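A.B. asks: With the hints as extra help, turn the sequences into a complete structure.
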Amino acid sequence: MHVVEAEIREPLILGEKSYNDITEDVCAPIEGKANAMWYFVFGLAGLVALWGIGNILYTIGVGIGVWGLNKTVGWAWDITNFVWWVGIGHAGTLISAVLLLFRQRWRMAINRSAEAMTIFAVMMAALFPGIHMGRIWQAYWVLPLPNQFGSLWPNFNSPLLWDVFAISTYFSVSLVFWYIGLIPDFATVRDRMIKPLPKKIYSILAFGWSGNAKHWNRFEEVSLVLAGLATPLVFSVHSIVSMDFATSVIPGWHTTIFPPYFVAGAVFSGFAMVLTLMLVMRKVFRLEDYLTLKHIEYMNIIIMLTGSMVGVAYLTELFVAWYSGVEYEGYAFMNRATGPYWWAYWSMMTCNVISPQLMWFKKIRRNLVVTFILSIIVNIGMWFERFVIIVTSLHRDFLASSWTQFHPTYVDMGVFLGTIGLFFVLFLLYARVFPVLALNEVKTILRATGEYGVKKHIHQISHSNGQSNHAVVEEEVEVEKEPVLEVEQNGVDTPVEEMKDVSVSEEEDIEDKKEQD
Amino acid sequence: MSKIYAMYDDDSTLLHGAESLVAKGVQIKDVFSPFPIHGIDPVIGVRKTRLAICAFIYGLTGMSLALIGMYYFMIADWPMNIGGKPNYYFYQNIPAFIPITFEVTVLCTAHGMAITYLLRNKTLPGMIAKNPDPRTTDDKFVMQINSSDIDMDEETLISELKATGAIEINKA
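Taken in order, these protein sequences are the chains called A and B. Under my numbering, the first residue of the first sequence is numbered 497, with each subsequent residue one higher. Under my numbering, the first residue of the second sequence is numbered 1182, with each subsequent residue one higher.
Since the hints were derived computationally from the structure, they do not count as laboratory data. Accuracy of the hints is not assured; some may be wrong.
Chain B regions said to be covered by chain A (calculated; three or more residues, Cβ under 8 angstroms) [as the list claims (entries may be wrong)]: (1) 1222-1232; (2) 1312-1319.
Partial list, computed: chain A residues near chain B (C-beta under 8 angstroms) [claimed, not checked]: (3) 648; (4) 665; (5) 679; (6) 706; (7) 722; (8) 736.
A quick note: this is a predicted structure, and the numbers were derived from the prediction, not measured. Glycine included, each C-beta is placed from N, C-alpha and C at the ideal position.
C.D. replies: What follows is the structure, given as structure tokens:
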């Protein structure tokens, strides 16, 4: 039965919610009408997406000569964008798989949307190698299909082919994992719908889910096994992406530290993107009771941790470039920091190493505005990281006569902006028609970690100094007798008379209260 | 045979109710709930699923497929000499084959398991849901008892159900 959280933990669901309240709150955006803001943002994203699609079609029609690539810098924005999007696509499955295995209950409020974000980000990522091929209609050549060239097979020793398998496996497995979790929630929406057409659509999407004991028994097993599979998969995907670089002999790329360093960077940027989207979503859909400050704080701690790992990796690279005594490697890193692309290198260092260190301060971790700004800064920094790795390593070729700079054309920029637009189009559509929280999972933690049964009376008294509202919090904890919770310890059921006493510091209560206002 | 549906508004009430009913010899056919009720399976006799065993078999299949495929493409059918690296022996190529072997193993396991899950559950697009009340996907918990499975007469059963805290009892 329900295992009650330790009393010192903050509740993960605020307000005195019942199971029905959760359903109502999550289904409200699906059943209601979109407001003008939604149409405005959707329209804007749609226009940017159309511009991007136009540029993609132009690239396909004319060839990748319309990009700024040259003989020396053969990979630039395209692969930068690819790695950036794949990195962003790492948070979703990490949240739903790794955190499931670690029994982190706070993941339940964010996993659905984070996974949706993952799927859309991986779609955007997969676009870039496709169009970078030049002749996209021959993309099927990456598959080991019998062919007319005397059975010439793709090279299975090449990391580029490993990447094809890694990205397609990651995309399809993430999609399946996401959809299996969605089926019971679609059933909830189906059973609430009144109009015949939406009811029909949601009943098709719900696959006839009945929610009987055997269904749930299998559901839990599938979730657990898929989480177990997706966990190494998450780490393998970005490791393999990093091997595209690490197995080559280019100074600046030929490093064994790349796989863990790329994975940490991916989690870092993925969580930043999750925060960017969640901070807006919780406000627009009024989900502040489910995506609480505690959730944001947890995500900020992960950003701080992975940002520090990325920082250590940068410094290790520098150290090894010097310590190895390889002059090419040493030059590559000197050139990054002091060469013509110094601005990209130092932007990366500032955004990725210094900015997440601000998260050591609890005030900053729990500040929504700072978190939002930092999440965007982190993503800018991570884009620069990939740009630095790719372009600065290539632009100084082995022959000094080939040294050159990379100048993006408007097509390069248009394609990149277009993928951002397309990503937001997909995410906005998702937010309108999908249950954005994992209903069935959030309900399972309501009794254990919700504020259920705890009544609070907060009297806010505005203070005359004008700087901040000073509040006097009177907590009156009323113990509800019904239903009696149980704590399962070593298989012995012990009835617990008292609901947990949620100890929240006064200050946090005020913050939460302000949030809701 | 008639079906009796007893509705509860709390999962722990239903679980305790089920325990006491089973102790009195009432066989519970099924339970419908908006989320998994932990601990209900042994009470109503739902056995542990064997899906994980299937997943393991799919994984072995995927791994074998990947290794056999790569052996055929890279060693047997068309060995390529890339940078003078040895390509004529499978064991020398194993390190380079690990990533794809892993990916194909995961691919087959995950999809095989998901497909088996959907088929076994009979949840596929267009299937009709069997939950007796739309509220069971929201906040209500329903216990189904088939009158043919029990020795009690219905009135006794209904009073027993009410004693366990059922808020609504329907017959179908």
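A.B. asks: Hint by hint, say whether it matches the structure.
C.D. replies: Okay, the hints, checked on the actual structure:
1. 1222-1232: holds (count 6)
2. 1312-1319: holds (count 6)
3. 648: holds, 7 angstroms
4. 665: Given a least distance of 4 angstroms, the restraint on residue 665 (chain A) holds.
5. 679: holds, 6 angstroms
6. 706: holds, 4 angstroms
7. 722: For residue 722 (chain A), the interface hint holds, since the closest Cβ of chain B sits about 6 angstroms away, which is under 8 angstroms.
8. 736: holds, 6 angstroms
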